[in-house]
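Peer 1: Residue strings, one per chain:
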Amino acid sequence: MDFLDILQVLDSSVRLATPLLLACLAGLFSERAGVIDIGLEGKMLVAAFFSAAIAYMSGSVWVGLLAGIAASVALSLIHGLASITFRGNQLISGVAINFLAAGMTVLVAQHWFEQGGRTPSLTGAGRFESVTLPLSETLKNVPILGPIYHELISGQFLLVYIAVLIVPLTWWVLYRTRFGLRLRAVGENPAAVDTAGISVTRLRYMAVIICGVLCGLAGAYLATALQAGFVKDMTAGRGFIALAALIFAKWKPWPAMWTCLLFGVLQAVALRYQNIEIGSFVIPVQFMDALPYILTVVILAGLVGRAVPPLAGGEPYTKER
Amino acid sequence: MRTLPHWADVVLIPLISLLLAGFLSALVVLAIGENPWAAFKLMVEGSLMRSAGWGYTLYYATNFIFTGLAVAVAFHARLFNIGGEGQAIVAGLGVALVCLYIPWPHWSIALIGATVAAGLFGALWAFIPAYLQAERGSHIVITTIMFNFIAAALLNYVLVNLLRPAGAMDPASASFPEATHLPTFQSMFSTAETPLFRGAPANVTFFLALIACVLVWLLIWRTKLGYEIRSFGQSETAANYAGIHPKRTIVIAMLISGALAGMMSINTTMGEAERLVLNSVEGAGFIGIAVALMGRNHPFGVLLAALLFGFLYQGGAELALWTDIPRELIVVIQALVIMFTGALDNMVRMPLESLFAMMRRRNS
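Protein chains in written order, with the numbering used here: chain A, 1 to 321; chain B, 322 to 685.
Each hint should be verified, as a subset may be incorrect.
Okay, derived cross-link-like pairs now, SDA-like style, lysine to any residue, Cα gap no bigger than 20 Å in a straight line [said to hold, decoys possible]:
(1) A/K319 to B/M671
(2) A/K319 to B/M668
(3) A/K319 to B/P672
(4) A/K319 to A/E188
(5) A/K232 to B/L642
(6) A/K232 to B/E674
(7) B/K568 to B/L642
(8) A/K232 to B/R648
(9) A/K319 to B/R670
(10) A/K250 to B/H460
(11) A/K232 to B/N600
(12) A/K232 to B/A638
(13) A/K252 to A/I299
(14) B/K545 to B/P567
(15) A/K232 to B/E603
(16) A/K252 to B/H460
(17) A/K319 to B/N667
(18) A/K250 to B/G458
(19) A/K319 to B/H460
Read the hints as simulated data drawn from the structure, not as lab findings.
Work the whole structure out from these sequences, hints included.
Peer 2: Here's what the structure looks like:
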């Protein structure tokens, strides 16, 4: 494995980490506000379908992106209705949303396109192109840094750069704005926020909507950038890996990015090498597939560091009367 | 006091939720350009009007009874076991090992052996999340989700690398020996002149599921352990004061839950496929959630709800066969049932409560 191989694996890691990162940040907003969301998977899935379907029909990937976000936010609002307004069980609502998405996407896809639950392939303006950063070709021959810039940093999809920019933005919003302070407070001690005269319901709905927008980006990325079109169940558990990453990162934005990159590397390596041989010992590809989940259980077990979730997570807030 | 009479809580609310879910499903069918009434009739004809249809309905129901009971037992201890899927996957492995490597003289003894294996392997897979919840406070929902994925990877590895017969392409174990084949409804109930349940996969495991319902009822409402599980679920602090060991209760409730989820693999692996295949669980672990919610965590309710979902599954397959409605309609209906009976429970409950309160005031 030479330097270029490593760069190519890293390049595909970044591509695969991006949807994880967007979904992970989505979950971060929701869970920091005290609304547990195991429906990330479903929201990504509807966004993937509607972005691909509308991009195909309109011929514009941007219109598709908006449609994907709208679909994802719609599911967010259902989650909000169940878990905030009607104070239902957030976990059960999340499970329901995942099934709703899995079923509806195939039903609508079959009704609209009749291709066995997929959308037609996207071409041209219906799909995100990779962005070539300036000077990519000129700097290509600079040793070490040149190939890194040319292969890894340049030539990614626009949404990849956006996802990376959302990380500092999330950090800034959470830790440097009044909204962020309130958002975190509502996830730790909603009664205190309520006492200060701020609406818990409103804050939580805001968080859930932001979560929907980010999941929408994640899903649209899958169907209009990473791949050219929607196929049934194309999220393939990514929403749950994102959830795992969120716990692994202890609900913090920068660690979330590094965790998602790590999980992205695992996926890229598993995709490229199948079984990895180290001397006479073979690491099976299935182990690589399971590694994100195993790592998360280890973190949850508190064997390596302790993952402490937001205090009020999963608890509907009932105003005292 | 704004409580509902017991019958309203147990019968009326699930019924209204079901009607709401059914109404929305009908709208969905309408929206994709099909006639909901015709679709419903087709589903009933395909799953309830012929004995072969019943054979499929009861086969699916068997799976859902086990997974529904599994979720219900955990719910009684206020634990959400979302890992039925993984527990059933690993239990399937146990069933396969027992069937393949022990020379059973007769299916009845093999069934006992397989039941023990399924229960043990399922409980084992539930044990680690349970232990982590009890000892380290790791959220059981997240750990059981993770264990679902780990189980899928594990099964994939075992089938591809260990159990697959030499030269075979698809990741599946060898077929189980003849002596472990369970009697199907066809062989049990058909006579020479009237063949019944022709070709349907329903088998003797269904009766095992019925027995499990009774045993779970006895366990939860007639034993000390069941009392402890329920008390713990009602109030952890109160249970603590009463001298109920919280960690022990969590682990035991989850072990029972895992064992029950695991037992569905007897039906799919030993009863139907007669070998271990990659995707034998097919989401039944998750349907258990819907079944437990609908059945209000009571074994009898679970039985009824499992029959309902068995009907939906078989009916859905018929729809996919005869119309342009894909099987995924069932997934949508399942989502709506989970949504209305689980998460949106208060949406139905709150208006009903005020209605009953109003009636009470008028009467007094």
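Peer 1: Confirm or reject each hint.
Peer 2: Verification of the hints:
Annotation: proposed proximity of A/K319 to B/M671 holds, straight-line Cα distance about 16 Å (limit 20 Å). Of the supplied pair hints, the one linking A/K319 and B/M668 holds, its CA atoms being roughly 17 Å apart against a limit of 20 Å. Our distance criterion of 20 Å between C-alpha atoms is met by A/K319 and B/P672, whose separation comes to about 19 Å. For the proposed pair A/K319 and A/E188, the alpha carbon gap of about 15 Å is at most 20 Å, so the pair holds.
Distance restraint check for A/K232 and B/L642: the Cα-Cα separation of roughly 19 Å lies within the 20 Å cut-off, and the hinted pair is therefore satisfied. Between A/K232 and B/E674 the alpha-carbon distance is near 42 Å, which puts this suggested pair outside the 20 Å criterion. Simply put, B/K568 and B/L642 have alpha-carbon atoms about 49 Å apart, too far for the 20 Å limit, and the pair is violated. Distance restraint check for A/K232 and B/R648: the Cα-Cα separation of roughly 13 Å lies within the 20 Å cut-off, and the hinted pair is therefore satisfied.
Distance check on the hinted pair: A/K319 and B/R670 sit about 18 Å apart at the alpha-carbon level, within 20 Å; holds. Straight-line distance between C-alpha atoms of A/K250 and B/H460 comes to about 14 Å, which keeps the hinted pair within the 20 Å bound. Simply put, A/K232 and B/N600 have alpha-carbon atoms about 17 Å apart, close enough for the 20 Å limit, and the pair holds. Between the alpha carbons of A/K232 and B/A638 the distance comes to roughly 18 Å, so the proposed pair stays at or under 20 Å and holds.
Distance check on the hinted pair: A/K252 and A/I299 sit about 15 Å apart at the alpha-carbon level, within 20 Å; holds. Distance check on the hinted pair: B/K545 and B/P567 sit about 14 Å apart at the alpha-carbon level, within 20 Å; holds. Proposed proximity of A/K232 and B/E603 is supported: the alpha carbons are some 15 Å apart, at most 20 Å. Restraint check for A/K252 and B/H460: satisfied, since their Cα atoms lie roughly 18 Å apart, inside the 20 Å limit.
Using a Cα cut-off of 20 Å, the hinted pair A/K319 and B/N667 holds, with the two alpha carbons roughly 16 Å apart. Using a Cα cut-off of 20 Å, the hinted pair A/K250 and B/G458 holds, with the two alpha carbons roughly 15 Å apart. Among the hinted pairs, A/K319 with B/H460 is inconsistent with the structure: their alpha-carbon atoms are about 26 Å apart, more than 20 Å.
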